[in-house]
Amino acid sequence: MDNYNGEKEMPDRYSLRGKVFHRLREDILSGKYAQNDELREAAISKSMGVSRTPVREALRQLELEGLVTIIPNKGAYVDGITAKDIFDIYEIRSYLEGLCAKWACRNITEEQLDDLDEITYLSDFHIQREHWEQIFELDNRFHLLLYKACGSTVLEHILSDYHHYVERVRKNTLSSQGRAGKAAQEHKAILNAVREKNEELAEKLANEHIYKSLENIKKQGMENLMK
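If you read the sequence shown in full-length UniProt numbering, its first letter stands for residue 1, the second for the next number, and so on.
These are calculated hints, taken from the structure and not from any lab test.
Cβ atoms here follow ideal geometry from the backbone N, Cα and C, with glycine treated the same way.
Any given hint might turn out to be false.
[What the hints assert, rightly or not] Subject to a maximum C-alpha distance of 25 Å in a straight line, what follows is the list of computed SDA-like cross-link-like pairs (lysine to any residue):
no.	residue 1	residue 2
1	197	145
2	32	171
3	84	168
4	212	186
5	171	86
6	32	15
7	171	92
8	46	115
9	32	70
10	182	196
11	84	197
12	74	33
13	188	113
14	188	111
15	32	167
16	148	160
17	219	196
18	212	185
19	188	212
20	148	134
21	171	78
22	74	53
23	74	41
24	188	145
25	197	115
26	171	137
27	212	201
28	182	114
[As the list claims (entries may be wrong)] Estimated spans, in silico, between C-beta atoms of each pair:
no.	residue 1	residue 2	range
29	124	15	21 to 27 Å
30	160	128	25 to 31 Å
31	198	178	23 to 29 Å
32	31	192	35 to 41 Å
33	192	74	15 to 21 Å
34	31	211	23 to 29 Å
35	111	155	30 to 36 Å
36	49	74	34 to 40 Å
37	130	41	38 to 44 Å
38	196	66	25 to 31 Å
39	157	52	39 to 45 Å
Please model the complete structure; the sequences and the hints are all you need to start from.
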């Protein structure tokens, strides 16, 4: 539950409140709910087969995340993720992903290096065959594993949240062989720097990787990517 200081605490994915929270957050981030849509407690509790209490708790948590606005005596309304939010998230990610790669140089295990190697190999295979769903999933796995390898649960959780917030845009940007191929090459370069424990280079390459993704977003047009 939220503590008395109003700090954000991520609900357990397997608790009732956690299941409702993650389902609603996924629906908001995927675009199922549009900005300013009302989230009706009664309708949500009925569709999910739960009481209104976990729905109410999940909505309060979503408000803390900035995805929902609750107006007393009126209802809960979707704020969602705006184009500016996405630009801001990529700007922040560029610094944090660089720090993550730097720390991964110090903490990554041989098993994690092997897993990342396998991901880059499989990415090349699926890019050649234009298997977009598999490419997107492998991109997810690469980043999430690198977050874990940094050795900081705090940084891992922050980056995992940001990574999830821009999932719809990331998926659309990777749906072309051009960007998917370049992203895979950038992943390989980051991995090689981490393997060689070159902290300065790993940080630089990870930072540039996110900036190149942002430049690609600007080129394709945010409106198209958020559809």
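Results of checking the hints against the structure:
Restraint check for residue 197 and residue 145: the C-alpha separation of about 17 Å stays at or below 25 Å, so the hint holds. Taking the CA atoms of residue 32 and residue 171, the gap is near 16 Å; set against the 25 Å cutoff, the hint holds. Distance restraint check for residue 84 and residue 168: the Cα-Cα separation of roughly 15 Å lies within the 25 Å cut-off, and the hinted pair is therefore satisfied. Straight-line distance between C-alpha atoms of residue 212 and residue 186 comes to about 10 Å, which keeps the hinted pair within the 25 Å bound.
A C-alpha spacing of about 13 Å is found between residue 171 and residue 86, which places the hinted pair at or below 25 Å, so the restraint holds. About 23 Å separates the Cα atoms of residue 32 and residue 15, which keeps this hinted pair within 25 Å; it holds. For the suggested pair residue 171 and residue 92, the alpha carbons sit about 19 Å apart, so the restraint of at most 25 Å is met. Proposed proximity of residue 46 and residue 115 is contradicted: the alpha carbons are some 42 Å apart, above 25 Å.
For the suggested pair residue 32 and residue 70, the alpha carbons sit about 19 Å apart, so the restraint of at most 25 Å is met. Between residue 182 and residue 196 the alpha-carbon distance is near 21 Å, which keeps this suggested pair within the 25 Å criterion. For the hint linking residue 84 to residue 197, the alpha-carbon distance of about 35 Å lies beyond 25 Å, and the restraint is violated. The straight-line distance between the Cα atoms of residue 74 and residue 33 is roughly 18 Å, inside the 25 Å bound, and the hint therefore holds.
As the CA atoms of residue 188 and residue 113 are separated by approximately 11 Å, the hinted pair is consistent with the 25 Å bound. For the proposed pair residue 188 and residue 111, the alpha carbon gap of about 16 Å is at most 25 Å, so the pair holds. Distance check on the hinted pair: residue 32 and residue 167 sit about 13 Å apart at the alpha-carbon level, within 25 Å; holds. For the hint linking residue 148 to residue 160, the alpha-carbon distance of about 9 Å falls within 25 Å, and the restraint holds.
Note on residue 219 and residue 196: the hinted pairing is violated, with a Cα-Cα distance of about 33 Å set against a maximum of 25 Å. Annotation: proposed proximity of residue 212 to residue 185 holds, straight-line Cα distance about 12 Å (limit 25 Å). About 15 Å separates the Cα atoms of residue 188 and residue 212, which keeps this hinted pair within 25 Å; it holds. Distance hint between residue 148 and residue 134 is fulfilled; the C-alpha atoms sit about 21 Å from each other, no more than 25 Å.
Simply put, residue 171 and residue 78 have alpha-carbon atoms about 22 Å apart, close enough for the 25 Å limit, and the pair holds. With a CA separation close to 17 Å, the supplied pair residue 74 and residue 53 stays within the 25 Å bound. In summary, the hint linking residue 74 to residue 41 is supported, as the alpha carbons are separated by about 12 Å, within the 25 Å threshold. A threshold of 25 Å between alpha carbons decides the hint, and for residue 188 with residue 145 the separation of about 14 Å falls inside it, so the pair holds.
Only pairs whose Cα atoms come within 25 Å are accepted, and residue 197 paired with residue 115 is accepted, the gap being roughly 17 Å. The straight-line distance between the Cα atoms of residue 171 and residue 137 is roughly 9 Å, inside the 25 Å bound, and the hint therefore holds. Proximity of residue 212 to residue 201 is assessed by CA-CA distance (about 16 Å); at most 25 Å being required, the pair is judged to hold. In summary, the hint linking residue 182 to residue 114 is supported, as the alpha carbons are separated by about 21 Å, within the 25 Å threshold.
Here the CB-CB span from residue 124 to residue 15 is close to 40 Å, at odds with the stated 21 to 27 Å. With their beta carbons about 29 Å apart, residue 160 and residue 128 fall inside the hinted range of 25 to 31 Å. Taking 23 to 29 Å as the suggested C-beta distance range, the pair residue 198 and residue 178 conforms, at roughly 28 Å. Between residue 31 and residue 192 the Cβ separation comes to about 36 Å, which falls inside the hinted range of 35 to 41 Å.
Hint check: residue 192 to residue 74, Cβ distance near 54 Å, so the stated range 15 to 21 Å is violated. In this structure, residue 31 and residue 211 meet the distance hint of 23 to 29 Å, their C-beta atoms being roughly 25 Å apart. The beta-carbon spacing between residue 111 and residue 155, approximately 20 Å, falls outside the hinted interval of 30 to 36 Å. Taken as a hint, the range 34 to 40 Å is violated for the pair residue 49 and residue 74, whose Cβ atoms sit roughly 26 Å apart.
Here the CB-CB span from residue 130 to residue 41 is close to 43 Å, well matched to the stated 38 to 44 Å. For residue 196 and residue 66, the hinted distance range of 25 to 31 Å is not satisfied, since their beta carbons lie about 39 Å from each other. For the pair residue 157 and residue 52, the supplied restraint of 39 to 45 Å is violated, since their beta-carbon distance comes to about 29 Å.
This entry does not satisfy hints 8, 11, 17, 29, 33, 35, 36, 38, 39, going by the numbered hints stated previously.
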